[in-house]
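Peer 1: Single-letter residue listing:
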Amino acid sequence: MVQRADNNNYLTSLKAKKFSLYVFLVVSFMLFAAWSSGFIVYSAGGEDKGLKTLLPTTFIYSTVSILLSSVCMHLAYAASKVGNIAKQRLWLGITILLGGLFFFLQYSAWMELARNGVMFINNNASQSFIYVFVWAHQAHIFAGIIVLLNAFFKASNGNPLIKNRFRMELATIFWHFLDILWIYIYVFLLLNQ
Amino acid sequence: MSSIAIPHAGDHGHDAHEHHHETFLTKYIFSQDHKMIAKQFLITGIIMAFFAMFLSILFRIQLAWPEKDFPILEVFLGKWAEGGRIRPDFFLSLVTIHGTIMVFFVLTAGLSGTFSNLLIPLQLGARDMASPFMNMLSYWLFFSACVVMISSFFVESGPASAGWTIYPPLSALPQAIPGSGTGMTLWLASMVLFIASQVMGGINYISTVLNMRTKGMSLWRMPLTIWAVFLTAIVGLLSFPVLVSAVVLLIFDRSMGTSFYLSDIIIGGQILPNEGGSPILFQHLFWFLGHPEVYIVLMPALGLTSEVIATNSRKPIFGYHAMVYSLIGITVLSFIVWGHHMFVTGMNPFLGGVFMITTLIIAVPSAVKTFNYLATLWRGNIKFTPAMLFAIGLVSFFISGGLTGIFLGNSALDINLHDTYFVVAHFHLVMGSASICGMLCGVYHWYPKMFGRMMNDKLGYLHFWMTFIGAYLVFFPMHFMGIDGVPRRYYSFTNFPFMQEWLTVNVFVTWAAIIAGLGQVAFLFNFFYSIWFGKKATQNPWKSNTLEWTTPVEHLHGNWPGEIPTVYRWPYDYSKPGHEDDFIPQTVPFSETMSSNLPHDFEGDAVAEQIQREWDKEHGVERELHH
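Chains A and B supply the protein sequences, listed in that same order.
Letter by letter, the first sequence follows residues 1 to 193 in my numbering.
Letter by letter, the second sequence follows residues 1 to 627 in my numbering.
A hint or two may mislead.
Under the rule of at most 27 Å between Cα atoms (straight-line distance), these lysine-lysine pairs were calculated in the BS3-like manner [to be verified]:
id, chain 1, residue 1, chain 2, residue 2
1, B, Lys383, B, Lys536
2, A, Lys18, B, Lys215
3, B, Lys536, B, Lys39
4, B, Lys39, A, Lys17
5, B, Lys536, A, Lys15
6, B, Lys215, A, Lys17
Please keep in mind that the hints were generated in silico from the structure rather than gathered at the bench.
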């Protein structure tokens with residue numbers, strides 16, 4: 001009886017933690033929603049406002065890399081569900097590498113922006129907004145990679161499977177969210193190009 | 001029995017029989033126990049409240065006697081009060097930090113932080129919060145935010161002074177006013193910490209409410225306190241990120257030279273390079289948080305009051321469902337009214353009309369709540385405990401302050417009233433005084449739960465009457481100043497002939513504020529004295545129905561010594577006809593109250609109705625079960 005009550009408590013606390021993550025994603029999304037609406041209000045403010053530039057092509061490559069990383073993350077999570085630790089670590093490792101690649105590509109994208117004369121310090125703040133979006137998303141990616149590394153190094157055969165699987169589940173939700181968030185930002189900027 | 005190997009739940013400390021090694025550090029400082037965290041929030045909130053109140057007394061002195069020297073001020077304020085007179089820019093700092101601390105640190109963190117942490121697990125029947133660790137982080141981030149905010153009094157250029165709404169360009173340009181230098185940077189850093197704290201707390205509150213309720217505690221059996229703090233957490237989580245977005249852009253403008261908010265500025269003969277920015281953009285982002293924020297402040301107070309009024313009227317709360325739906329209505333509406341703070345920014349009159357209508361609609365759920373409070377009191381067997389007096393005080397302030405909101409929400413009248421003392425009077429009554437009354441009502445009511453002792457009633461009554469009368473004497477005259485067009489935040493009333501006639505009123509208001517402030521000392525003494533020397537509390541001192549009163553007086557980790565109690569009924573079965581006591585706790589099943597059950601108690605359960613019918617026949621009771 002006591003064992004069962006413990007198990008139930010434990011499962012409830014897992015459920016609550018997962019729910020908390022979803023709430024956090026809403027909070028995080030609100031941040032970007034606020035900037036989006038700020039961008040719209042600002043860009044509608046005059047003829048000389050708005051992006052007035054083409055987005056760097058590097059964004060296409062970074063988008064591909066984060067999409068691929070999401071697929072790999074999914075495979076890693078599927079492996080964790082059947083308890084195949086080796087496979088999970090393999091896919092997780094590839095996800096982390098792709099995440100790193102994305103991080104680097106974003107960096108080169110804003111270098112490209114700067115070469116094209118689209119600076120952060122700008123009297124057309126619509127263009128400054130591109131940097132704000134990318135930087136804020138990069139900060140999330142940075143956190144996401146730490147989460148993935150944590151899941152990578154804590155996955156070993158010695159640890160309880162359910163903990164590993166739960167950790168993987170949360171990491172997967174978060175990573176997919178970052179993917180979707182980037183696509184949202186990219187499409188939003190493309191539509192305003 | 002589940003077949004998967006589940007690691008022992010011990011690291012969450014859910015089991016009462018488990019042995020805990022607690023040191024001073026883990027028990028009082030880095031505690032993960034929700035009851036201790038609640039007390040930490042409360043005591044920090046009280047200290048911040050006294051600090052902010054002291055600031056208000058300082059600027060009230062300046063307002064009442066602008067031509068007089070008070071050498072004592074120079075002793076502890078130094079160059080900010082040279083010759084015993086408060087400097088104009090320091091006056092603005094005082095106003096700014098008073099507002100910031102009261103709104104965010106006292107009435108947001110001090111109120112929600114205390115009572116969400118204390119009551120969510122206790123009233124819902126949970127061992128602790130969903131994530132006790134995050135809960136601890138939430139407090140310590142809040143504490144750091146307090147330290148950073150107060151530290152701005154120790155920098156050369158003084159604390160932030162652009163008002164609690166920190167509108168750019170004033171807040172963005174250090175050349176504009178000394179307070180926009182280091183003080184503003186500290187303000188922004190403090191707010192970022194504060195928001196992180198609120199987000200962590202809010203996630204925990206929502207997650208706990210939705211996932212960790214005990215058996216039988218359906219959403220519609222939750223006490224109104226929980227509904228209120230739950231919806232408050234939702235409002236906070238949706239609006240605080242927007243403030244972060246506004247603050248981040250402001251930081252870029254201040255420190256990196258971007259032009260989100262700045263345009264066409266010549267200051268001190270120097271032309272700034274910034275072009276194309278829009279200060280109105282900041283106002284939109286700010287008030288998208290700022291307006292929901294006033295409901296973040298008010299709703300927990302309304303929730304606490306609902307509980308206290310029902311308990312001390314010994315009556316079920318009038319219109320429980322209506323109370324919940326009006327809270328939900330306020331939650332939703334609070335997000336679509338922010339424009340009423342910006343009627344005079346050159347807003348399109350049509351848009352202003354839309355915001356005016358949404359604003360006036362908020363009066364409907366607010367009025368529903370007010371009438372329900374009055375209807376609950378009506379012919380109740382009222383017990384005038386100090387908590388009850390403060391609850392009634394909230395209703396009074398909510399009405400008198402709310403009525404002026406209808407004036408201000410009107411976009412045409414607002415042209416005259418905007419930024420005058422009328423606004424100051426309005427929000428100090430409806431959100432300041434009302435919320436502080438709700439908070440104090442909560443402190444008096446749940447003190448026995450927090451500290452196991454009772455507060456002194458007589459001091460409580462003294463405290464109430466000084467606060468209640470004092471607040472009206474301070475804020476009521478401000479309406480008339482506002483109607484006469486006296487602007488808020490002005491340093492000296494002697495500089496403008498039309499304001500000079502209000503000087504005598506200012507003297508009156510300042511004396512009232514000082515006396516009301518002294519009344520708070522009665523509370524401070526009562527609060528700290530009773531922690532150690534108050535009368536020992538019984539388990540259920542107010543004869544209340546909710547779950548927190550079924551826990552032992554002595555706190556223990558995990559709240560209930562044995563199993564968590566099951567809930568069978570809603571929390572407002574007070575003075576139910578046919579029952580011998582005038583209250584039936586939520587843990588009492590209907591089978592033990594056969595003489596008082598009502599048709600709707602069975603919620604259509606045919607078996608239970610059958611059992612009741614047989615009992616009725618046996619005892620010769622006439623009862624209509626089908627409706």
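Peer 1: Please go over all the hints and tell whether each is borne out by the structure.
Peer 2: Each hint, compared with the structure:
1. Under the criterion of a C-alpha separation no larger than 27 Å, the hint pairing Lys383/B with Lys536/B is consistent with the structure, at around 20 Å.
2. A distance of roughly 21 Å separates the Cα atoms of Lys18/A and Lys215/B; the hinted pair therefore holds under the 27 Å criterion.
3. Proximity of Lys536/B to Lys39/B is assessed by CA-CA distance (about 18 Å); at most 27 Å being required, the pair is judged to hold.
4. A threshold of 27 Å between alpha carbons decides the hint, and for Lys39/B with Lys17/A the separation of about 24 Å falls inside it, so the pair holds.
5. Between the alpha carbons of Lys536/B and Lys15/A the distance comes to roughly 39 Å, so the proposed pair goes past 27 Å and is violated.
6. For the suggested pair Lys215/B and Lys17/A, the alpha carbons sit about 20 Å apart, so the restraint of at most 27 Å is met.
In summary, the structure is inconsistent with hint 5 from the numbered list given earlier, while agreeing with all the others.
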